[in-house]
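Number of protein chains: 2
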Amino acid sequence: MEYQEAKDEFISTWGSLGTLWGINKAMAQIQALLFISTRALTTEEIMAELQISRGNTSMNVRQLIDWGIVKKELKAGERKEYFSTEKDVQELARIIAEERNRREIQPVIKTLKEISSIQDDGTEKTKELIKQTKALHDLAKTADSLLVKAINHKQNWVSTALLKLIK
Amino acid sequence: MEYQEAKDEFISTWGSLGTLWGINKAMAQIQALLFISTRALTTEEIMAELQISRGNTSMNVRQLIDWGIVKKELKAGERKEYFSTEKDVQELARIIAEERNRREIQPVIKTLKEISSIQDDGTEKTKELIKQTKALHDLAKTADSLLVKAINHKQNWVSTALLKLIK
DNA sequence: TTAAACTTTCAATAATTTTTGAAAATTAAA
DNA sequence: TTTAATTTTCAAAAATTATTGAAAGTTTAA
Chain A
610 MEYQEAKDEF ISTWGSLGTL WGINKAMAQI QALLFISTRA LTTEEIMAEL
660 QISRGNTSMN VRQLIDWGIV KKELKAGERK EYFSTEKDVQ ELARIIAEER
710 NRREIQPVIK TLKEISSIQD DGTEKTKELI KQTKALHDLA KTADSLLVKA
760 INHKQNWVST ALLKLIK
Chain B
610 MEYQEAKDEF ISTWGSLGTL WGINKAMAQI QALLFISTRA LTTEEIMAEL
660 QISRGNTSMN VRQLIDWGIV KKELKAGERK EYFSTEKDVQ ELARIIAEER
710 NRREIQPVIK TLKEISSIQD DGTEKTKELI KQTKALHDLA KTADSLLVKA
760 INHKQNWVST ALLKLIK
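Which chain is which? The protein sequence lines are A and B, in order.
Numbering of the first sequence is given in my numbering, commencing with residue 610 and proceeding in unit increments.
Numbering of the second sequence is given in my numbering, commencing with residue 610 and proceeding in unit increments.
Hints were generated in silico from the structure; no laboratory data involved.
Possibly wrong hints are sitting among the right ones.
Since the list gives no way to pick one copy over another, a pair counts as held whenever it fits inside one copy or between any two copies.
[Unchecked claim] In silico DSSO-like pairs for lysine-lysine, Cα to Cα no more than 27 Å straight-line:
{"no.": "1", "residue 1": "Lys758", "residue 2": "Lys743"}
{"no.": "2", "residue 1": "Lys750", "residue 2": "Lys689"}
{"no.": "3", "residue 1": "Lys743", "residue 2": "Lys722"}
{"no.": "4", "residue 1": "Lys719", "residue 2": "Lys689"}
{"no.": "5", "residue 1": "Lys696", "residue 2": "Lys722"}
{"no.": "6", "residue 1": "Lys734", "residue 2": "Lys680"}
{"no.": "7", "residue 1": "Lys719", "residue 2": "Lys734"}
{"no.": "8", "residue 1": "Lys689", "residue 2": "Lys722"}
{"no.": "9", "residue 1": "Lys689", "residue 2": "Lys758"}
{"no.": "10", "residue 1": "Lys680", "residue 2": "Lys634"}
{"no.": "11", "residue 1": "Lys681", "residue 2": "Lys696"}
{"no.": "12", "residue 1": "Lys736", "residue 2": "Lys750"}
{"no.": "13", "residue 1": "Lys680", "residue 2": "Lys696"}
{"no.": "14", "residue 1": "Lys736", "residue 2": "Lys684"}
{"no.": "15", "residue 1": "Lys740", "residue 2": "Lys634"}
{"no.": "16", "residue 1": "Lys719", "residue 2": "Lys634"}
{"no.": "17", "residue 1": "Lys736", "residue 2": "Lys634"}
{"no.": "18", "residue 1": "Lys750", "residue 2": "Lys684"}
{"no.": "19", "residue 1": "Lys689", "residue 2": "Lys634"}
{"no.": "20", "residue 1": "Lys681", "residue 2": "Lys734"}
{"no.": "21", "residue 1": "Lys734", "residue 2": "Lys758"}
{"no.": "22", "residue 1": "Lys719", "residue 2": "Lys696"}
{"no.": "23", "residue 1": "Lys684", "residue 2": "Lys758"}
In this text the structure is predicted, and so the values were computed from the model without any measurement.
Put together the whole structure using the sequences plus the hints.
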């Protein structure tokens, strides 16, 4: 396998993985492209490399910026914008964990709390609903604490957690 | 909020969460329904509760069974099948982590290994591709070990990991 | 066997999500 | 200012994914 093939394979694998995790293909592929690029790229370059439209590129680059994964770079004397992604995998994992926690886990915790707080009318089905949503709420809270710990733990948190778990 | 409302809210929240994580809505909702049910349900009952077709119910129940989250129960003297889900949240989390690891992380690890093993032709871009995919490969391997540990660690692994991480 | 009860399959359709591309908006140099 | 470069927006189209429902398949009781 030589460079171009390996590069295409990487971008395509990352794209499918993104899809599997609720991230759209273009967004994942743009990030993948920047991740292995030796320099910041322009919209034109991204469009050409991935064969996607200007609108698609613009929208997805902006989403990546919202996620805090991609940064805009301005070059002196140039009109156009250059984009680069976080290159450190640990930091990338941290940012993604933090964002998914904030966007997804937090709202679910809130809803589970509301549901598990309904009035117990004494029926079996109400008791079961309360019991099960409470159990999920507790699990989500614990997972949340774990993530928050990990998120604030800048250096190599996956390995750290692993080392500690092994002991 | 009284029972029916809370129940609908739970099923709907679980359905949206599933969608966000690449699981289809019907599959997530069937699991949610069984999760708060006081007894095993038939296809007819699932169809009626969730207002979905027979085909949809059949396909998604089967997928849940493939995932190891739902079990078929046969009642003596009855033709029809009853379905129930794993009720213990810790065990549920374990099964899901195990399946996602097997189905998603493993194939990516394999691809990353292949890509990061290409011949270094000395160019900067090849060096960058190798370096970055290696870093991802290492991260994925570490995450994988962590998951495998967690998966084999039947009791309350999220809390256990948290407790150890806090120390 | 046959027939009824039940489940699965799958082509067609519907719903949802993504992508396009051109017009509108923005920005900054002339 | 005006103009040209660049980015953003968004309605329409394309692509993907989910759902339906009826026919085919399976199982068990009579």
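Quick rundown of the hints versus the structure:
1. Lys758 / Lys743: both (22 Å within a copy, 26 Å between copies)
2. Lys750 / Lys689: neither (44 Å within a copy, 39 Å between copies)
3. Lys743 / Lys722: within (7 Å within a copy, 42 Å between copies)
4. Lys719 / Lys689: For Lys719 and Lys689, neither the intra-copy (42 Å) nor the inter-copy (38 Å) Cα distance is at most 27 Å.
5. Lys696 / Lys722: Only across copies: Lys696 and Lys722 sit 18 Å apart there, 38 Å inside one copy, limit 27 Å.
6. Lys734 / Lys680: between (51 Å within a copy, 20 Å between copies)
7. Lys719 / Lys734: within (22 Å within a copy, 46 Å between copies)
8. Lys689 / Lys722: neither (48 Å within a copy, 36 Å between copies)
9. Lys689 / Lys758: neither (39 Å within a copy, 48 Å between copies)
10. Lys680 / Lys634: Answer is within: at 19 Å inside a copy they meet the 27 Å cutoff, but 34 Å across does not.
11. Lys681 / Lys696: Intra 14 Å, inter 47 Å, cutoff 27 Å: intra-copy only.
12. Lys736 / Lys750: Classified as within; 21 Å inside a copy, 42 Å across copies.
13. Lys680 / Lys696: Classified as within: same-chain Cα gap 11 Å, cross-chain 44 Å, threshold 27 Å.
14. Lys736 / Lys684: between (62 Å within a copy, 25 Å between copies)
15. Lys740 / Lys634: For Lys740 and Lys634, the Cα distance is within 27 Å only across copies (23 Å; inside one copy 39 Å).
16. Lys719 / Lys634: Cα proximity of Lys719 and Lys634: across copies only (20 Å, versus 30 Å in one copy).
17. Lys736 / Lys634: between (43 Å within a copy, 25 Å between copies)
18. Lys750 / Lys684: neither (44 Å within a copy, 37 Å between copies)
19. Lys689 / Lys634: within (24 Å within a copy, 42 Å between copies)
20. Lys681 / Lys734: between (53 Å within a copy, 21 Å between copies)
21. Lys734 / Lys758: neither (36 Å within a copy, 36 Å between copies)
22. Lys719 / Lys696: For Lys719 and Lys696, only the inter-copy Cα distance (21 Å) is at most 27 Å; the intra-copy one is 34 Å.
23. Lys684 / Lys758: neither (37 Å within a copy, 47 Å between copies)
Of the numbered hints stated above, those contradicted by the structure are hints 2, 4, 8, 9, 18, 21, 23, listed in ascending order.
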